[in-house]
Amino acid sequence: MITIDSLTKKYGRTTVVDGVSLVARPGRVTGFLGPNGAGKSTTMRMVVGLTKPTSGSSTVAGRPFHDLPNPGRDIGVMLDASAQHAGRSGREILTIVQQMLGLPGRRVDEMLDLVSLTRAEADRRVGNYSLGMRQRLGIATALIGNPGVLMLDEPANGLDPAGIRWMRDLLRDFADRGGTVLLSSHLLREVEVIADDIVMIGHGRVVCEGSKADLVRSVGTVARADDTATLRRALHAAGIDTTVSDEGGVTTTAEPAHVGRVAFTAGIALTELRTADGGLEDMFLELTADTQREDTSPKKLHRERAAA
Amino acid sequence: MTTTSPTTYDSLHEHHVDAPTIPLGRIVRVELRKMFDTRSGFWLMASLVILGVVATIGTILFAPDDELTHNTFAAAIGFPMTVVLPIIAILAITGEWSQRTGLTTFTLVPDRRQVLLAKIVSSVVVGIGAMLVALVVGVAGNVVGTAITGTDRVWDLSVAQFGTIVIGSLLCLLTGTMLGMVIRNSAGALVTYFVLTLVLPTVFGILAASQPDFVDIRPWVDAELARSFLFDGPPQGEQWGQVAATAGLWLVLPALLGLRAVLRSEVK
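Quick note, the sequences are listed as chains U and Z, same order. Note that numbering that gives the first Met the number 0 has the first sequence beginning at 0, numbered continuously upward. Note that numbering that gives the first Met the number 0 has the second sequence beginning at 0, numbered continuously upward.
Hints in this document: simulated from the structure, not taken from any laboratory. Watch out, some of these pointers could steer you wrong.
[Unchecked claim] Calculated lysine-lysine pairs in the BS3-like style (CA-CA distance at most 30 angstroms, straight line):
1. U:Lys9 <-> U:Lys51
2. U:Lys9 <-> Z:Lys267
3. Z:Lys267 <-> U:Lys51
Throw the hints in and build the complete structure from the sequences for me.
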């Protein structure tokens with residue numbers, strides 16, 4: 000379990016993270032979604048103490064992170080798969096973590112098998128790794144201490160479609176066995192397919208949160224019938240506003256069940272009935288519209304500050 | 000790479016209540032390993048030995064026969080040490096920022112003081128180890144060198160003198176550690192180290208030449224000059240005070256600022 004309680008980070012007058020609260024629960028994958036520079040990475044860094052929050056607090060497995068005696072046994076963290084010494088081999092990087100956590104040496108090979116890095120690949124320097132291989136190594140590093148919690152920043156970056164599928168299965172399995180997963184992404188599709196709960200963030204603020212099921216349900220319905228006009232008349236008569244898409248689908252904000260019942264009562268055979276496509280995407284774009292246009296500004300500010 | 004379903008990890012548990020804290024000894028061992036396990040780290044360590052041997056051969060070839068004493072060998076080998084050891088100490092610290100490995104290191108050990116302490120201990124261990132190697136190479140050089148030239152063997156390096164050379168070298172090494180903490184960037188810290196050890200003493204020298212009043216003050220502020228008391232034989236009376244004063248000014252004080260910066264800085 001990860002609990003974040005109104006974390007705030009200010010750099011001078013710029014507020015990068017503004018009172019973010021969320022709970023990532025055991026047995027569930029929580030997707031932390033937002034455009035680049037929305038404050039996801041800064042929030043995650045604050046949870047593990049790499050960045051000092053201006054205010055607010057967070058806990059991992061019920062304790063503040065710095066109170067965990069051996070944090071790598073409680074939480075697996077991957078903030079940036081590329082943040083490794085290019086001159087070390089993948090195996091060496093895993094061995095360092097294995098020794099630091101006080102784990103048996105066999106864990107290194109177990110983890111290499113788990114993330115499908117071959118022995119030959121493991122002995123190569125990380126500088127020669129593709130981003131996808133680094134992500135696999137990062138996952139291995141996060142899992143080596145057998146933690147109950149995972150926190151991953153953009154874990155699907157650089158993975159090919161098969162790799163994304165592999166990552167999804169791995170995280171699903173982890174959560175199904177009672178683990179807590181908090182992962183961030185700026186790609187809605189990624190989060191949509193894997194997350195049980197979604198927290199959307201824009202401009203450093205949580206703009207929307209809930210279970211994926213709830214978020215999908217609230218976005219409306221698309222229905223289709225041979226006679227579009229008759230369907231619309233029936234829906235209007237039932238007090239449901241409709242719009243018609245270019246392809247002839249009738250879009251409403253009502254629940255699919257309601258639309259179906261109205262059509263049945265009116266004797267209209269529906270040829271299609273489903274929740275609106277890309278509804279989350281519309282919501283995502285709408286909720287973060289003002290941050291999207293200036294999406295790099297907070298991050299750029301960071302870097303300038305770090306460089307100064 | 001193929002996609003396989005994950006099967007090789009054990010059942011999960013949220014709380015490792017009994018997980019003991021990571022002992023300092025283990026962090027030191029890991030930090031020592033990290034100093035050797037890259038190609039650059041390995042060659043840096045190897046260069047200590049190589050330079051020692053080269054310095055010994057050079058001394059045999061070029062030093063006047065009557066100066067082929069253990070002390071000469073020790074001085075010849077000690078010089079490359081004072082250059083390479085601080086570089087090792089600097090990189091041990093700055094790598095966490097320049098190579099961004101700190102993201103992992105400080106997440107596994109959130110108490111950054113522990114990590115710094117482990118890095119200082121492991122750097123000092125390497126430093127003392129290197130000095131012992133130098134001592135052995137120096138002995139071998141003296142034996143072989145005097146045998147080649149047929150001169151008498153002179154064992155003129157006292158235990159006390161070796162001790163002060165070790166202290167002097169460790170002061171150089173810890174200056175590297177300090178700069179790593181203050182600057183947290185490999186290139187910047189290396190450049191600053193050479194400014195401190197090459198440019199600053201020259202400035203002090205010019206100052207002493209043009210301002211007669213400065214001559215008496217100089218040993219109290221010129222760390223290079225004060226350290227030379229350590230390398231040139233056990234310092235006498237006041238010179239110990241000058242070593243301490245310059246170490247306080249150029250090492251301890253900035254190190255405290257560096258410690259503050261490391262504890263507060265953002266790791267990204």
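Task: Restraint check for Lys9 (chain U) with Lys267 (chain Z), where alpha carbons must lie at most 30 angstroms apart - done: holds (16 angstroms)
Open item on the list: Hinted pair, alpha-carbon criterion (30 angstroms max): Lys9 (chain U), Lys51 (chain U). Please report holds or violated.
Closed with: holds (10 angstroms)
- [ ] Quickly compare the C-alpha distance for Lys267 (chain Z) and Lys51 (chain U) to 30 angstroms and report which way the hint goes.
- [x] Status holds; Cα separation ~12 angstroms.
Every hint from the earlier list agrees with this structure, and none is contradicted.
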